[in-house]
Amino acid sequence: MDTNLARNILALLARFLSGASVRWIDSQPDTCQRVYFANHTSHLDPIMIWSALPPRVRMLTRPVAAKDYWTKGPVRRYLANQLFGAILIDREEIKVHQSPVDLIIREIGHHYSLILFPEGGRQSGREIGEFKSGLYYLCKKRPDLELIPVHIDNMNRILPRGEVLPVPMLSCVTFGPPLWLEAGETKNRFLARAREAVRSLKEIRDEG
Amino acid sequence: MNIFDPLTLSLIGAVLVLLGAAEVIVWALRRSPASNIDAAILETFRLRVHAWWILLAALAAALLLGRVVTVVLFGLISFWALREFITLTPTRPGDHRTLFWVFFLFTPLQFVLVGTGSYGLYSIVIPVYAFLFIPARIALAGDYKRFLERTAKIQAGLLICVYCLSHAPALLTLKLPPLADELPDTGGGVRLLFFFVLIAQLSDALQYAWSQLPNKHVIVPAINTTRTWEGLLGGTVSVTLIGAGLWWATPFHGSNWWMAAAMAAVISLMGFAGGITMSAIKRDRGVRDFGTLVEGHGGVLDRVDSLCFAAPVFFHCTRWWLSS
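The listed protein sequences derive, respectively, from chains X and V. Residue 141 in numbering that gives the first Met the number 0 sits at position 142 of the first sequence, and the numbers go up by one each step. Residue 96 in numbering that gives the first Met the number 0 sits at position 97 of the second sequence, and the numbers go up by one each step.
These are calculated hints, taken from the structure and not from any lab test. Please note: incorrect hints may appear among the correct ones.
Residues from chain V that face chain X, not an exhaustive set, calculated with beta carbons under 10 angstroms [claimed, not checked]: (1) Arg-82; (2) Pro-92; (3) Arg-96; (4) Phe-99; (5) Val-101; (6) Phe-102; (7) Phe-105; (8) Leu-108.
Calculated cross-link-like contacts (lysine to any residue; reagent style SDA-like; alpha-carbon spacing at most 25 angstroms) [what the hints assert, rightly or not]: (9) V:Lys-144 <-> X:Val-163; (10) X:Lys-139 <-> X:Cys-31; (11) V:Lys-152 <-> X:Trp-179; (12) X:Lys-201 <-> V:Arg-91; (13) X:Lys-201 <-> V:Leu-240; (14) V:Lys-152 <-> X:Ser-123; (15) X:Lys-201 <-> V:Ile-280; (16) X:Lys-201 <-> V:Thr-90; (17) V:Lys-144 <-> X:Arg-125; (18) X:Lys-201 <-> V:Val-16; (19) X:Lys-186 <-> X:Val-100; (20) V:Lys-152 <-> X:Arg-125; (21) X:Lys-131 <-> X:Ser-199; (22) V:Lys-144 <-> X:Lys-131; (23) V:Lys-144 <-> X:Glu-126; (24) V:Lys-144 <-> X:Ser-123; (25) X:Lys-201 <-> V:Gly-285.
If the Cβ cut is set under 7 angstroms, some of the chain X residues that face chain V in the computed set are [said to hold, decoys possible]: (26) Leu-16; (27) Gly-18; (28) Pro-167; (29) Met-168.
From the three backbone atoms N, C-alpha and C, an ideal C-beta is built for every residue, glycine too.
Extracted from the complex, chain X is given alone in its bound form (with noise of 0.2 angstroms):
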């Protein structure tokens, strides 16, 4: 089947099962090199925030995620290599001389925008994980790279930890105002910063 229709379709599926509405705060969808990062708590995630940008932006956004999981039959591989154009990285095998940050720098070139989740690996609860050092490895080397906060509503019920099935709940994505590394920012400061602006968005939707 021609790649793009396939891919039209499944983010056409994806927003109706999971009843997903989009909102951008202080924030536009655009073709610029971005890094889209946000909370992690389902396996649909990647493709929940795939699926809620406009299809051209879509085209040139990759999420990360983990081999293991994405490797893990036809489907999945299919899904991963074909449609969502998916980095894969080894979370068992960190070699010293190929960092998942490097791997990820090479894939994206001057060309692609990033989906990552900077919490490593889903979070049961609904408290926000603390962010891995990734991301701040990543500005340190492109602090070009203009950073959106997302954060995802309600998908820990519609595909929790542990389930196959999903339940089709409704849930919301809401993309932030961008931020940047900036000069002389610390690790540990600069990795409260951009947590803190997911929770911030969770908040938002919490008063309307």
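Starting from the known structure of chain X, arrange chain V on it as the hints suggest.
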């Protein structure tokens, strides 16, 4: 099923005239600078009129395409309403698999049974079999915290959003008496469903309109501050008159006009009961509309809560009266 018989077309014509009149009133009120009507109220009314156009178009299209399409349309509305209900309701991870079966087995099954007209099955499959399955499946998941509360929440969602609403398309499967000249009444089911949706939506709107009178006696201030005795009585009397005026379009035509009037009054009272029940749930969860719960959604449940409560009562009254 035949939508092209003169009675059905007259009924659709009457609805078009009513909606057109509503549009003109809204347009005139927005234009007139001297109007002392609150802009927010006018905006609410305008959005509602637009929602009715969509509802009318969808219903007319579905009825035109036949019973199967109509049942599928109501099935999708039920599915979406249940989504909103369960999203609002706090469930625990232990309820996940129960919810899966509720959404993907019991909801479609109910509408398949309605579509095939199996009255003996669709009237019990949810209140007996699904209601036994839900607590048993939650118990199997091994989480006993607030067990009865969680069971009741899922049962209530399934009952209101799926079981009750499915009685609206079930109207199409009723056996109707022949027309005056002994011809079979082929469009009767369609008109019955149309009459029901029309009266339910009108009673919503008229209760709201009457409650805007300056004298306000709020019925249950702790639950809903917009539902007043003036709204309930004024709205019910108004739709009773409208129902009586539409008696020629219903299968009650063989009898006196007061049958249609009584049915309209029942729909209005049940619609009120549905609205106030949903208000109580929303108050408890601290939201104003099911629609604002997840930003950007229309709030299907806000529009169909009166239909949910009125459908089974209207269905049973009609069935009992037609068979007696």
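Hints versus structure:
1. Interface restraint check: Arg-82 (chain V) against chain X, minimum CB-CB distance 6 angstroms, threshold 10 angstroms, status holds.
2. For Pro-92 (chain V), the interface hint holds, the least distance from its beta-carbon to any beta-carbon of chain X being 5 angstroms, beneath 10 angstroms.
3. Residue-level restraint check for Arg-96 (chain V) holds (minimum Cβ-Cβ distance to chain X is 8 angstroms; threshold 10 angstroms).
4. Residue-level restraint check for Phe-99 (chain V) holds (minimum Cβ-Cβ distance to chain X is 5 angstroms; threshold 10 angstroms).
5. Evaluation of the Val-101 (chain V) hint against chain X yields a held restraint, the C-beta minimum of about 8 angstroms falling below 10 angstroms.
6. Taken as an interface hint, Phe-102 (chain V) checks out: its beta carbon lies about 6 angstroms from the nearest beta carbon of chain X, inside 10 angstroms.
7. Violation of the interface hint for Phe-105 (chain V) is found here, the shortest Cβ-Cβ separation to chain X being roughly 13 angstroms, above the 10 angstroms cut-off.
8. Taking 10 angstroms as the C-beta cut-off, the interface hint given for Leu-108 (chain V) is violated, the closest approach to chain X being about 16 angstroms.
9. A threshold of 25 angstroms between alpha carbons decides the hint, and for Lys-144 (chain V) with Val-163 (chain X) the separation of about 23 angstroms falls inside it, so the pair holds.
10. Annotation: proposed proximity of Lys-139 (chain X) to Cys-31 (chain X) holds, straight-line Cα distance about 18 angstroms (limit 25 angstroms).
11. This hinted pair does not check out: Lys-152 (chain V) and Trp-179 (chain X) have alpha carbons roughly 45 angstroms apart, beyond 25 angstroms.
12. Between Lys-201 (chain X) and Arg-91 (chain V), the direct Cα distance comes to roughly 20 angstroms. Compliance with the 25 angstroms bound is thereby established for this hinted pair.
13. For the given pair, Lys-201 (chain X) sits about 49 angstroms from Leu-240 (chain V) by alpha-carbon distance, which is inconsistent with the 25 angstroms threshold.
14. At most 25 angstroms may separate the alpha-carbon atoms for a hinted pair to count; Lys-152 (chain V) and Ser-123 (chain X) meet this at roughly 23 angstroms.
15. For the proposed pair Lys-201 (chain X) and Ile-280 (chain V), the alpha carbon gap of about 23 angstroms is at most 25 angstroms, so the pair holds.
16. Taking the CA atoms of Lys-201 (chain X) and Thr-90 (chain V), the gap is near 19 angstroms; set against the 25 angstroms cutoff, the hint holds.
17. Among the hinted pairs, Lys-144 (chain V) with Arg-125 (chain X) is consistent with the structure: their alpha-carbon atoms are about 18 angstroms apart, no more than 25 angstroms.
18. For the hint pairing Lys-201 (chain X) with Val-16 (chain V), the CA-to-CA distance comes to about 46 angstroms; that exceeds 25 angstroms, so the pair is violated.
19. Annotation: proposed proximity of Lys-186 (chain X) to Val-100 (chain X) holds, straight-line Cα distance about 15 angstroms (limit 25 angstroms).
20. Under the criterion of a C-alpha separation no larger than 25 angstroms, the hint pairing Lys-152 (chain V) with Arg-125 (chain X) is consistent with the structure, at around 21 angstroms.
21. Under the criterion of a C-alpha separation no larger than 25 angstroms, the hint pairing Lys-131 (chain X) with Ser-199 (chain X) is consistent with the structure, at around 19 angstroms.
22. Pair hint Lys-144 (chain V) plus Lys-131 (chain X) does not hold up; C-alpha atoms about 34 angstroms apart against a cutoff of 25 angstroms.
23. A distance of roughly 21 angstroms separates the Cα atoms of Lys-144 (chain V) and Glu-126 (chain X); the hinted pair therefore holds under the 25 angstroms criterion.
24. A threshold of 25 angstroms between alpha carbons decides the hint, and for Lys-144 (chain V) with Ser-123 (chain X) the separation of about 18 angstroms falls inside it, so the pair holds.
25. As the CA atoms of Lys-201 (chain X) and Gly-285 (chain V) are separated by approximately 17 angstroms, the hinted pair is consistent with the 25 angstroms bound.
26. With a cut of 7 angstroms, the hint placing Leu-16 (chain X) at the interface with chain V is violated, because the nearest CB-to-CB distance is about 10 angstroms.
27. Contact between Gly-18 (chain X) and chain V, as hinted, is supported at the beta carbon level, the nearest pair being about 6 angstroms apart and thus within 7 angstroms.
28. Interface hint at Pro-167 (chain X): satisfied, since its Cβ lies 6 angstroms from the closest Cβ of chain V, which is below the 7 angstroms cut-off.
29. Taking 7 angstroms as the C-beta contact cut-off toward chain V, the hint placing Met-168 (chain X) at the interface holds, the least distance being around 5 angstroms.
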